[in-house]
Every structure is written in C-alpha cells, then in structure tokens.
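Protein chains in written order, with my numbering: chain B, 74 to 187; chain A, 590 to 700.
Just so you know, not all the hints are guaranteed correct.
[Claimed, not checked] To spell it out: a stretch of chain A is covered by chain B in this simulated footprint if at least three of its residues, at any positions, have a beta carbon under 8 Å from a beta carbon of chain B; those stretches are:
1) 600 to 613
2) 655 to 667
[To be verified] Pulled a few chain B residues facing chain A out of the computed Cβ check, cut under 7 Å:
3) P112
4) L116
5) F118
6) E125
7) N129
8) Y174
9) F178
10) P180
If you are wondering where the hints come from, they were derived from the structure by calculation, not from laboratory data. Virtual Cβ for every residue (Gly too), placed ideally from N, Cα, C.
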Amino acid sequence: KAGVTQTPRYLIKTRGQQVTLSCSPISGHRSVSWYQQTPGQGLQFLFEYFSETQRNKGNFPGRFSGRQFSNSRSEMNVSTLELGDSALYLCASSLVGTESYEQYFGPGTRLTVT
Amino acid sequence: GQSLEQPSEVTAVEGAIVQINCTYQTSGFYGLSWYQQHDGGAPTFLSYNALDGLEETGRFSSFLSRSDSYGYLLLQELQMKDSASYFCAVRERAAGNKLTFGGGTRVLVKP
Chain B
74 KAGVTQTPRY LIKTRGQQVT LSCSPISGHR SVSWYQQTPG QGLQFLFEYF
124 SETQRNKGNF PGRFSGRQFS NSRSEMNVST LELGDSALYL CASSLVGTES
174 YEQYFGPGTR LTVT
Chain A
590 GQSLEQPSEV TAVEGAIVQI NCTYQTSGFY GLSWYQQHDG GAPTFLSYNA
640 LDGLEETGRF SSFLSRSDSY GYLLLQELQM KDSASYFCAV RERAAGNKLT
690 FGGGTRVLVK P
C-alpha cells in the first residue's frame with residue numbers, strides 16, 4: 074500500500090506570493106491533517122479534514138486555508154507569504170478522524186520564502 | 590505555553606538505556622502517543638498508551654501515569670539508528686481533539 078505523498082517536495086517563493094501544497098493520503102484513509110514544523114516552534118497543528126469537512130483548526134492566521142476533495146486528497150493554501158512561513162509542511166492521514174491516535178505522515182514540503 | 594514538555598536533547602552511548610519524559614498540563618486527553626523523526630524524514634508512529642501503565646514494543650516501551658500527569662518513552666539497547674527526534678503527542682479534549690505535540694527530544698547515540 075502506497076504511503077502518504079506530498080507535492081511538491083521543495084518550493085521557493087518570495088514574500089507576498091501565494092502557494093498551494095498537495096497531499097494524497099493512504100488509500101482508504103478519510104482523515105487528513107496538516108502541520109507546520111519549524112526549528113523554533115516544533116510541530117504545530119494547522120487543520121484537520123474528514124470527509125471533505127474541516128473538523129479542527131489550529132491557531133494560524135486566515136492566510137492559511139485548506140480543503141479536502143471527495144477522493145480524500147487535500148490541499149493547503151498560504152496567501153501573502155511572509156518570511157516566517159518558511160517551514161516544513163507535513164500532511165498526515167488516518168483511517169478515522171479525532172478517534173485515531175496513529176497518523177501516517179508524508180515526507181513533507183519544504184517551503185522557503187525569500 | 591506548551592501543554593507537553595520534553596527535554597530538548599539527550600546523549601547516550603550504544604547499548605545504553607534512555608528515558609524521555611513527557612509532562613503535560615492538559616486537563617483531558619485521549620491517551621499519549623510517541624513519534625520518531627529522523628533528520629530530513631517524516632514522523633513515524635511508535636506507540637500509544639490509552640491507559641496507565643507500560644506498553645512494550647520490542648526495544649521501545651512507553652509508560653503513562655495520568656495521576657502524575659506524565660509519561661515516558663524508554664529506549665533500550667540503543668543503536669546508532671535510534672539517533673532521531675522523539676515527540677510525545679495527545680489529543681486534547683479542550684482543544685477540539687486536535688493532536689498536540691511536545692517540542693521533541695533529540696536523541697544522539699554515540700559509539
């Protein structure tokens with residue numbers, strides 16, 4: 074069974090631009106969560122989607138948004154990029170939503186904002 | 590501040606035993622999970638404690654004590670490949686059941 078895939082793996086953008094990251098969960102997994110990982114802040118929860126509905130949202134500004142499609146694939150978008158948005162963005166999938174304790178992470182997208 | 594506190598770094602030699610503590614301040618959660626992340630890699634699930642007590646999975650064991658508000662991950666017979674960061678995580682009921690991670694503990698295994 075294929076793992077969680079994320080595209081692109083690396084991205085360089087300039088301040089003010091926007092970016093869209095994609096995540097394909099493990100087949101059969103309906104829950105997708107997004108995290109931002111930085112050396113200073115660790116793993117920070119962005120949002121969680123289950124069956125195309127956002128079930129949870131972390132403490133991030135409205136510039137961060139996401140969505141989930143009927144095939145469970147998910148995208149997250151960051152608008153008006155800031156230097157502080159440079160981070161590793163990780164996507165994780167699980168069979169169910171908040172009841173699940175085991176998440177399967179993708180390799181991440183390394184975003185650099187210059 | 591952080592709901593989950595972990596030491597930032599631990600160094601040990603091959604064959605040794607390392608215990609990574611995770612203390613928490615959340616009022617209610619659905620068990621304690623542990624994840625391992627190698628440099629440049631994705632976090633991978635290691636263990637989960639739904640109830641108090643010890644869970645053993647090979648060389649790794651995890652423990653939870655809700656009354657003492659802490660848990661730990663025990664790494665035995667350390668190997669070089671165990672050099673990685675280790676994160677504890679909980680789903681906090683008060684935070685809409687989102688998964689909250691500790692700051693991570695970097696384990697460095699020396700020969």
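Here's how the hints hold up against the structure:
1. 600 to 613: Not satisfied, violated; 0 residues make the cut.
2. 655 to 667: Violated - the segment 655 to 667 of chain A has 0 residues with a Cβ nearer than 8 Å to chain B, which falls short of three.
3. P112: violated (10 Å)
4. L116: Status holds, d = 4 Å.
5. F118: holds (5 Å)
6. E125: violated (18 Å)
7. N129: Holds: closest Cβ of chain A sits about 4 Å from N129 of chain B, inside 7 Å.
8. Y174: holds (5 Å)
9. F178: holds (4 Å)
10. P180: holds (5 Å)
The structure does not agree with the numbered hints 1, 2, 3, 6 stated previously, though it agrees with the rest.
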